[in-house]
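Participant: Go by the hints and put chain Z onto chain W.
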Amino acid sequence: MTAAWTIEGAKVRRGKALVLDGASLTVAAGEVLGVVGPNGAGKTSLLRAGLGLMPLEAGSALLAGRPVGSLNSVERARLVGYLPQERRLAWNLPARDVAALGAPDLPSEQALAVARERLERVGVAALADRGVLDMSGGERARVLLARLLATRAPLLVADEPVAGLDPDAQLLTLDLLRAEAAAGAAVVVTLHDLGLAARTCDRVLVLDRGLVASQGAPVEALSPGVLASVFRLDGALIDTPAGLVVAARRR
Amino acid sequence: MSPRRLELILLLVLVVAAAIAVSLGESPLNAAQYHQALTDPASPPGEVLWTIRLPRVLMAALVGAGLGLAGATMQGLLRNPLAEPGVLGVSASAGLGASLAIAGGLAALPGAIELAALVGALLAGGAVVGLAARFREPEVLILFGVALSAFAGALTALVFNLSPSPVAVAEVLAWLMGSVENRDFTDILRALPPMAIGAGLCLYAARGLRMLTLGEEAAQMSGLPMARLRVAAVAGSALLAGASVATTGVIGFVGLAAPHLVRAAVRDDPGRLLRPSALAGAVLLVAADLAARVIPTEQELKLGVVTALFGAPVFALLAWRAARSWRS
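Protein chains in written order, with the numbering used here: chain W, 1 to 251; chain Z, 1001 to 1328.
Just chain W, with the same shape it has in the complex:
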């Protein structure tokens, strides 16, 4: 079966600096892939280059087996929904209209119906008519997550979707993404919370200075050796009744 998304040997420059030096990624339908790594490791660049938002100096990016550069905007949007890290919104649109922006392919009545359903799923149905700039950062993040879910794409890519969220909202976000995976979508999510990544992702990919340092099941990808060499932490993943947690201190 073709992978939903494959990035092979991505080499990317930002200005003069080489931010990706041959990183690869692959994700299949039904799985949640967590991408982790220290600040500046190249997580966002990997996603952006793989989506065709940044030029690849070398390497390739395939969406459902097709080179991303060969897709037109409609074809690409049919294959992937993207939630950027940046949550700044330009105008104070009502939440339902923002969520409906996830479905520009539908007539507006249907798009609004999808939007309402997704707002309900992320727990802000009561705020549907509220302006997004009149909301707290956490509420706005949920509305943007609803917008991502409204794309109904077979691949969902979320860049730091839980940054700045309270614990409940973080877990809800990952639960919703897991539910999408269970329903057959491929999900890629970048995270800074290693414990959260270990608990909620099927596979974890660790990026370090533009290269893949390790990947695989959480316990393998986040081994004590990787924690030490990539994150400069002394510690380990510990299995608890609530799932995996990271116990670590700075080296």
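FYI, nobody ran anything at the bench for these hints, they're computed from the structure. This structure is a prediction, so every number in the text was calculated from the model and none was measured. Any given hint could turn out to be false.
Unchecked claim - Partial pick of chain W residues on the chain Z-facing surface, computed with a CB cut under 7 angstroms:
#1 V74
#2 Y82
#3 P94
#4 E120
All residues carry an ideal CB built from backbone N, CA and C; glycine is no exception.
Facilitator: For chain Z alone, coordinates are given in the frame of chain W:
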């Protein structure tokens, strides 16, 4: 309020404002004369109403609508409430074209100034469209527009500087201040095609402007042909701004203020903002031109002067109210 309802209300206001503007003017008419004007368009009062005032009011409405629409499009595209039709440097370039024509002694040729201004606007607009196709960041367009405005402004000043005739300088200045006086239906017909094309392009870009609320990257991934929509928005605004300046000279503040008057009524939606902004711009300019005509002054007030004089304080008031409600 539904967008349709808002547009209907604005349209009614526009019709009423236009009716008042046609019936009022420098030379007051009595009831009998109004009656004569309505029954016999060829009579002297009829001439005043239908061949002097009506084209003038229509021209004000047309240019006001163009500026309002271009302003709303620019604000949506650049995601900046301070953007206006002149931000791309198109208006300044149109002004430069007109100045060159006047200083070159072409003012006597019918339509020469307008054509020169339109050429200036199209050259500048073409450059900006090329830029918009290459760069998606709004900052690039804003910075380039500032540079282009400054450069065209400097060249216009150079025309003043080098002009041997003070008459030509006065003419250029008067033209730059903007006015819709002494317009006939030919002027309107001449302005209509570029403005209609411009309006069509802006309205086509509406869904792209709405999507840009999410930022450039999310919009680009949304499935909308953003590159094409961005070019349409820039080309449409440039045509509207250029044709406006070419027909009436530089008229400030309408393009900036009109979108702000109706933004709250469309819940900030930059796509749904377009048509109401055009209508609001038309109302504003018809009202401003009426004020320019009926305020008793020795020299008739120039329209661009009136819009700036009244527009700037009103705009400051709007900004003050908006600033108090901004949360982030």
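Participant: Should the interface hint for P94 of chain W be scored as holding, given a Cβ-Cβ cut-off of 7 angstroms against chain Z?
Facilitator: holds (5 angstroms)
Participant: With 7 angstroms as the cut and Cβ atoms as the points, is Y82 of chain W at the interface with chain Z?
Facilitator: With a closest approach of 4 angstroms, the Y82 of chain W hint holds.
Participant: Is the shortest C-beta separation between E120 of chain W and chain Z less than 7 angstroms?
Facilitator: violated (20 angstroms)
Participant: Interface hint check: V74 of chain W, Cβ to nearest Cβ on chain Z, cutoff 7 angstroms. Holds or violated?
Facilitator: holds (5 angstroms)
Hint 4 alone, counting from the list given before, is not met by this structure.
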